[in-house]
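Those protein sequences? They're chains A and B, same order as listed. FYI, full-length UniProt numbering numbers position 145 of the first sequence as 145, with every residue one higher than the one before it. FYI, full-length UniProt numbering numbers position 97 of the second sequence as 97, with every residue one higher than the one before it.
Hints were generated in silico from the structure; no laboratory data involved. Note that this is a predicted model, so its numbers are computed, not measured. No false leads were slipped in.
No distinction is drawn between identical chains; accordingly, a pair holds when it is met within one copy or between any pair of copies.
Calculated lysine-lysine pairs in the DSS-like style (CA-CA distance at most 25 Å, straight line):
{"id": "1", "residue 1": "K550", "residue 2": "K600"}
{"id": "2", "residue 1": "K86", "residue 2": "K105"}
{"id": "3", "residue 1": "K182", "residue 2": "K215"}
{"id": "4", "residue 1": "K40", "residue 2": "K56"}
This is what each chain is made of:
Number of protein chains: 2
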Amino acid sequence: MNYLKKVVIVLLCLSFKVNTHAQQHPNIMLTKANIDAVRKGTETYPLLKESYSDIKQQADIALTQAISVPLPADGGGGVTHEQHKKNYNNILNCAVAYQISGDVKYANYVKDMLLNYASQYKKWPLHPKAKQNHQGGKIFWQALNDCVWQVYVIQGYDMVYDAISSKDRSTIENQLFVPILKFLTEDCYTTFNKIHNHGTWNVAAVGMTGYVLNKPNYVEMALKGSKKDGKSGYLAQINQLFSPDGYYMEGPYYQRYALLPFVLFAKAINNYQPNLKIFDYRDKLLVKAINTSLQLTYTDGTFFPINDAIKDKTYETIELVYGLDLAYADIKAEPFLLDIAQRQKKVIVSDAGLAVAKAISEGKSQPFNYVSQWIKDGGKGDEGGLGIIRSGSNEDQQCLLMKAASQGMGHGHFDRLNILYYDNNTEIFFDYGASRFINIESKRGGHYLPENDSWAKQTVAHNTVVVDQKSQYQAKVSEAEKHSPNLIYFGKNNQMQIVSAEETNAYDGVNLLRTSALVKLPHTKKELLLDVFFVNSNEEHQYDLPFWYKGHLIDASFKPKVFTAELKPLGQEYGYQHIWLNAENKLDTRSGYISILNNKRFYTTHFTSESPLTVKMLSIGANDPEMSLIADKSFMLSQPKAKTQTFVTVTETHGNIDPINETVDAAFSKLSDLKLLNSNKNGAEVSFKYAGKSYTYKINYTDQKRFTELVENGN
Amino acid sequence: MNYLKKVVIVLLCLSFKVNTHAQQHPNIMLTKANIDAVRKGTETYPLLKESYSDIKQQADIALTQAISVPLPADGGGGVTHEQHKKNYNNILNCAVAYQISGDVKYANYVKDMLLNYASQYKKWPLHPKAKQNHQGGKIFWQALNDCVWQVYVIQGYDMVYDAISSKDRSTIENQLFVPILKFLTEDCYTTFNKIHNHGTWNVAAVGMTGYVLNKPNYVEMALKGSKKDGKSGYLAQINQLFSPDGYYMEGPYYQRYALLPFVLFAKAINNYQPNLKIFDYRDKLLVKAINTSLQLTYTDGTFFPINDAIKDKTYETIELVYGLDLAYADIKAEPFLLDIAQRQKKVIVSDAGLAVAKAISEGKSQPFNYVSQWIKDGGKGDEGGLGIIRSGSNEDQQCLLMKAASQGMGHGHFDRLNILYYDNNTEIFFDYGASRFINIESKRGGHYLPENDSWAKQTVAHNTVVVDQKSQYQAKVSEAEKHSPNLIYFGKNNQMQIVSAEETNAYDGVNLLRTSALVKLPHTKKELLLDVFFVNSNEEHQYDLPFWYKGHLIDASFKPKVFTAELKPLGQEYGYQHIWLNAENKLDTRSGYISILNNKRFYTTHFTSESPLTVKMLSIGANDPEMSLIADKSFMLSQPKAKTQTFVTVTETHGNIDPINETVDAAFSKLSDLKLLNSNKNGAEVSFKYAGKSYTYKINYTDQKRFTELVENGN
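Go ahead and model the full structure; you've got the sequences and the hints to work with.
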């Protein structure tokens, strides 16, 4: 336990001896002292004005509709599910509209809605669609959504508190919020004390409610766990769920989701107990988590879709609007955050949102500072991480991600040393993300589909080596949780940026070591993606390395042998059963290339190896009885039998087509003669020609000072 | 021959008795009298300023590069091909830069380039990549591109004319342009006299060169054909290639391409021989053709991709920049044209571009007036046409197209009564367009692929009925050219817009009659797409009606029987060999539905028929040895054996998902109980329920006054 944590816990112990901060309302995102300023800001600063206008419009629509609080019945995406979601949004929107406009009709709506809930809530049983081994809620099929509901609703209640009679407040508190507190801490005891994002939503709901209702006992439980011993609860979650770099082990999609209760509760803590200095906790962990969330996006705004992820999700998501506004207003006013706020096109109508909107209108915005970085995973930062390499402006950026992180619990994928490659604001080599149609009730209630386990999590669904057609750790989470990859090198020199990592436990007796780099050659606009995947075993194995690509295959060094009259699955299990084998080409040369046209630009991947490879062309869709899979494509480099195997690829980004003007530029790769000169445990040596010049690329796995070298050989 | 044409020909005969308009340079898009105004405009009006800035930038880049005039060797997309394309663009850009900046270095570049061509041109043989039965060029693999080259280059020459010494002019004219004129009129005699877009480019090249070089003989040939009898040449092409509504029979993609030489030559004619009143010719045909080109786009700017079409093509294409600028400046200053000009983001640096940019900067722009209309095909307007129905604003427009046009020569598809449906700025039921990777040399030199014939042109690649798994007219162009569909009805009433057409010759003894409508019900944001396809024969046939869709299948009224372990092609020929059969469902009910999620919105297609149908789920890709096909998907309604068959579908556009906020709205269709009450040669009667109300929809094929009726039945 470090010094700071000790201090905080001492402070905590002290603070609960005395009474909490004198109650005033509102006191979370909007605070009483700032109401006038925010109100003026909604008339002055465009982004705040538009944000409030949206909220008021929605509040006005809510007022035209009869209040509906149906008996909970449906799963995700169903009628009662969506109605209760709508209700918490309406409560919050009307509460904000009340504070800004001063019109009591909005407060009355919130009051009536809450009284309606209060008249029913205690009679509701556990939700009928609750699933086995998954904590059911009362309002929703899972308790998680009940917590989200409460996090929103308690903010709304806080904002209309002064407009409700004490009698009605008493009804609402005693018939609704207190029973909810009881449900969330007692019925959901296990979740409440879990170190997990469900736990975070739960403690945030309980803690924020505790503050607003002035129930310090609940606040203390929320911060330190049911037993108040600090082994669970909010602070334990900050300690354990995030790495020292602010990475959340489940991956960016869940990081974004987990972030909201963290920052909202932090804001409440900061307002009610500023002496706790929660934003400074664990070396300013929360602001790191917010910044890391932003760094885990590509320039199109989408989160890197590693692990279970809905791929359309961007930093426009409300969680990051909250996160960003608070980071800027309450923690550190970095001008590059304003760039993202502008792209989010909204701020929270709040003290923080006022600060952001004001700064933007004063012209303080600067381009967001995407950086290359190694983001450590694990509570102590020693469980691998993510290597992110970027090159180019935010308008046309190359980005390479290597995933060498821990398993990330149940939402993790078996995809160590997977790489993602982006360029031109689009995916080039991509991750499938989750197999799920979120909120689409016809697709298994919007839940994760069976294909999420059988396909999306499997190793072959990723751009990494598969050994013997099996997934890493034989797709067993419990085994995978025990180990994480090792970072070998992350750094740069004049010519390139490099990430290198190894995984030695995923397959018995097989070492996987991958070194990927973005390499700048003279007179090239775009850098080369140079990838050396060294696989080493004492036994013979089959090694497959797929590259899942977007776009269309337009050229290859060989004539593909296509299965024209019949398609069969590539294999039987570990995801192979979901792949159609479209073409198979046993090459007789040691090198070759494949060219893809994607978003009007060319990507040529040259490959070589110790011996000729088999190249397979694949598409997704076999054994998919509910037609749930997306028919994406890949080319797979395959070595049917070898002890040691090195897959070398160089992907050149080149040229473009202009379909409007019907012109084409640099359709052919300038790279040629790719050769693997040698490869072993100590290093690898590769040569190639580019635009008439000859280059040698060396990797020295054991030399941190000269880890890679690129030498021009004359010609 | 109508009165106007007689007058024009009389005028023509007269005009060539006297000398042509006194020579001055430049005198096509830029005219001497307007140079000062355009020059000032490039400093004043933003769109002209940016357009000139682009051109000057490209001209400046050209000046930094050595002039390269390689011996023609490569096909489309190859090095020499692209270099000669670049050269004509550079010539035109530098010529404009000379006129606006007055800097003689740009003129010298053009002079040097042209002298270089002049030193070589006569030695060049016919292009080595010329193809059999296709007129080869000297600079490019096909003469068509030589004509395009000349159309650009002669404009450039016209602009630098006064800056070149008479000696050099003499060299350029005698060693380059005169030989080109000779080549295009003598070696390419057949093309020059063809009523076809290749002919148009040829006569425009010859005619414009004739004007600039003051060679009236060539102008006269260009206008009236080699024999000067008016049976071929420019005026004959205007008469025959366009319908009275300005539709070009090959379809929008080629209409756009054909348009440029038409309007450029028209502009030259108008400047040199204003007495010909060319813009008034054939009841102002040219402006109709320009407007029709724009009406043949969807709100995303893309042309309807019927027949052979590259699908990315939009009205931003340079041909329509020329067309629009001239239409606005020289023909009629419609303010809605300015909207498109703004979306084109450029104007031609010219007299016309000045007028457009000035008007925009004066705030005269109005939203483009997309209209519902029947566009007649055929020189006399009696060869079918296109029915276009639109609903909603340009921001979120529903658009339905029924293709009931003539075959459209060699680029036509066998797709009569095909429908396309657009919504939400995207394709819902789409046309595959051409199978071609234009300018991608690795894909068969960028030419049309074999799959263009074997797949893209075939009936099954379209959303229309296929009889006995064969294409219309057994895919014989010569047969298909003999007939065209008949318009039965095009119109609207209070509730709906309707198009109905029949095709009676495509299949022996089978009548095809389709009636499609966009129908507005009370309280719906979006209209229903109501489609009744009546097929009638005395013999039994198999009838297939595919709907090629974008998006992902997310629900159906039945559980699809999916081929999970093996895929086989759907058939052997007429495109069926390119389709994988993914699922096959012999229904035991007469109606059902399929729901698609596309671009965050739901589309549910309800279907019914006289008897239960088989529904097949299909994807493209079988028998595709070069992996050239795009793996699009469809559901196909199929009746294995029937004499008379009515396919009724109602497609409801509903709800949305918001993946950023993870909400869903109206995921389920409100329509139900779709029934076919009766259907025969006289009409059809369909009933359905929508949002609790019951409706009957009647079609009376023989009653033009009450062609359709929609009656609400209470409930």
